[in-house]
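2 protein chains.
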Amino acid sequence: MDKRVTIVDVARHAQVSVTAVSKVLRNAYGASPAMREKVQQAIAELGYRPSAAARGLRGQTYTIGVMIPELRNLFFADVIDGINAQIGDTDYQVLIAPGCNGEKAEARVMDAMIDRSMDGLVLIAPVSSKKRLNEVARTVPTVVVGRHGSSPDYDSVTDDDVAGAALVVDHLADLGHRRIAHIEHHETDRVRLAEMPNAQRAAGYRDAMARRGLEPVIASTSYTHEGGYLGAKELLARAELPTAIFAGADVVALGALEAIAEAGLSVPGDISVAGYDNSALAAFGPVSLTSVDQDGRQMGADAARLLLDRIRDRDRRTTQVKLSPNLVVRRTTAGPASP
Amino acid sequence: MDKRVTIVDVARHAQVSVTAVSKVLRNAYGASPAMREKVQQAIAELGYRPSAAARGLRGQTYTIGVMIPELRNLFFADVIDGINAQIGDTDYQVLIAPGCNGEKAEARVMDAMIDRSMDGLVLIAPVSSKKRLNEVARTVPTVVVGRHGSSPDYDSVTDDDVAGAALVVDHLADLGHRRIAHIEHHETDRVRLAEMPNAQRAAGYRDAMARRGLEPVIASTSYTHEGGYLGAKELLARAELPTAIFAGADVVALGALEAIAEAGLSVPGDISVAGYDNSALAAFGPVSLTSVDQDGRQMGADAARLLLDRIRDRDRRTTQVKLSPNLVVRRTTAGPASP
DNA sequence: TGAGACGTGGGTAACGTTTTCCAAATGTTT
DNA sequence: AAACATTTGGAAAACGTTACCCACGTCTCA
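Chains B and D are the protein sequences, given in the same order.
Per this note's numbering, the very first residue in the first sequence carries number 3; after that it's consecutive.
Per this note's numbering, the very first residue in the second sequence carries number 3; after that it's consecutive.
Hints may be right or wrong, so weigh each one.
Distance ranges between label pairs, derived from CB positions [stated by the list, open to error]:
id, chain 1, residue 1, chain 2, residue 2, range
1, B, L195, D, R38, 42 to 52 Å
2, D, S152, B, A36, 45 to 55 Å
3, B, R38, D, R140, 27 to 37 Å
4, D, R28, B, L59, 15 to 25 Å
5, D, G151, B, R318, 48 to 58 Å
6, B, P218, D, F286, 24 to 34 Å
7, D, F286, B, A196, 31 to 41 Å
8, B, L195, D, P154, 57 to 67 Å
Hints were generated in silico from the structure; no laboratory data involved.
Each residue gets a CB set at the ideal place from its N, CA and C atoms; glycine is no exception.
Kindly generate the complete structure, drawing on both the sequences and the hints.
Now the structure itself:
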């Protein structure tokens, strides 16, 4: 309950002005090496730590906010690792706001971060309207991760979902499959159709199928375990059974696997299954799911780098970084049983 | 880039004093309903939001910090859900600091949270010294989750790990097992031996075995997948094979399963395996691991409740909440093959 | 009819920084 | 030696709140 050590205490202890201490703290111009030395020592002796609140009132808070839709998604964890690694031991601190599912929760969280005068924001897979995102980005330096499309106000980092979907289709087609079905996340909103990864994956699937001269077969559900289960059930009930299913996400693939097992079919004997995200579940031995790997760490690192750049120079033109995915082939895909 | 709306703007717009607006904001005493109404309207019209930085300089920041050792652990995600649910739509915002593995990272994060004048801290499974934790708790209201032992300075919420271990041992013994081995996290530090959950689980295992008149068999590795793999390998190399293995955590159990499969043994035919945490991996169909369930959500909710109470009254005596775990029996445990 | 209590409302000094000046000292060029 | 840059250090005004006061009416009760 002892009183907090302030910059005034440090100044007094070092026998210099408050201004001088502030300059040393910020590595600002106008402090001689001798003075720096003196002040550093006083800071160390008193165990002084600047108050972020007071700093925020004037300038920076040295805080980066990360908005994430879902803590349990391991891909997002990778992104955060990447951010953290890049921020490293700069003076910035990364803080994550949990539970931002849905537009309303997102709005609340973005406001909260702005209220707290954060220096920069990383928004991971936001669903808010583009208008809202632009507004936010005009208020505070912002990088959006995992959402396609460009903005004049924020930088973005995405994975090439169209290419990723093509990787899967090509892999399956090369194995000899012709009836390759896709389970997509149902989407109607126009902007999201253009910008959300799920829509891009579906588009990539259609393109790749067309290039191969194959008919697309689509079940439109949601990116959840249940969505995968229902989607696969629907596909298995059709007249012509697919010989392979490309699920838009790993959880979806797991749901599909369950439905396939229930139907008494084997994987990959009767039907091949591929997912997307290369999450820990996909890599997990007993599952061993063929999946598309996005380098989450790299995406996070790029996002952090872009953000620091933008904090330094807010008027810089925005850039869009697009990374290339890799296909990780495991044991759920193989050639079709019979032609 | 428009200027921020401040309390002064609101006051001017509502034709009242700044004090009056502040009172309304904080639901403080001394504002008539009429004035409240007027001010609320001005706030709405201007879209005013109070600056957390400025507030922090004077009093509260309405921010709760959560320190978490590892984002990927699903149990922690449950705890955070619980915290978030309890905080609900109070004015508080929950912020998580990622990557706090190790004492040094923890120190940095706790400092960062204090620098940011957070109103309260939830520390999940911290490894820092007790002295440090007490210091922090004396600076800012703090609740520690998942670490046993009591402190005069912070409240704590734990699961009864001794009881949890006993649940497993009793379950296995009731099935007829007599050679029940345990894979523990190696621990030498004295305080941690008393306070960390892993140590409590090992102690609970020993007690329960003794109560049953059984000899404890322990492999001392670490709470990781690899630790489980190596631990099981070691146990399987002994003269007398165990008929059951109680792993101190689900990841450990998964590693053990891998070693067992490699040795050409079947589960639960040749050997039973149980984990701890009832993580999503344990529940996952193909794994279906018997495990001890800690109600993470409940723990988080309790922690948040205690924290809000302590923020309200800092001099309240500290309390320790201890929850009871449940055993979830799945398909990796069964009676031993032969006597 | 006073005296006190109470209900309203506002003035203003903090809070701990940063930042914009400004002054003095020192160095550098003509 | 004069004129001009550059370096070094400090004074003081913000920044947007809160909280402690005080002032003014109106009510209540002896």
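Here is what the structure says about each hint:
Take B/L195 and D/R38: their Cβ atoms lie about 45 Å apart, and the range 42 to 52 Å holds. For the pair D/S152 and B/A36, the supplied restraint of 45 to 55 Å holds, since their beta-carbon distance comes to about 50 Å. Between B/R38 and D/R140 the CB atoms are about 32 Å apart, so this pair conforms to the stated range of 27 to 37 Å. Evaluation of the 15 to 25 Å hint for D/R28 and B/L59 yields a pass: the beta carbon distance comes to about 18 Å.
With their beta carbons about 51 Å apart, D/G151 and B/R318 fall inside the hinted range of 48 to 58 Å. Look at B/P218 against D/F286: about 31 Å separates their beta carbons, and that is inside 24 to 34 Å. Distance hint check for D/F286 and B/A196: the Cβ-Cβ separation is about 35 Å, which falls inside the suggested range of 31 to 41 Å. Taking 57 to 67 Å as the suggested C-beta distance range, the pair B/L195 and D/P154 conforms, at roughly 58 Å.
Every hint from the earlier list agrees with this structure, and none is contradicted.
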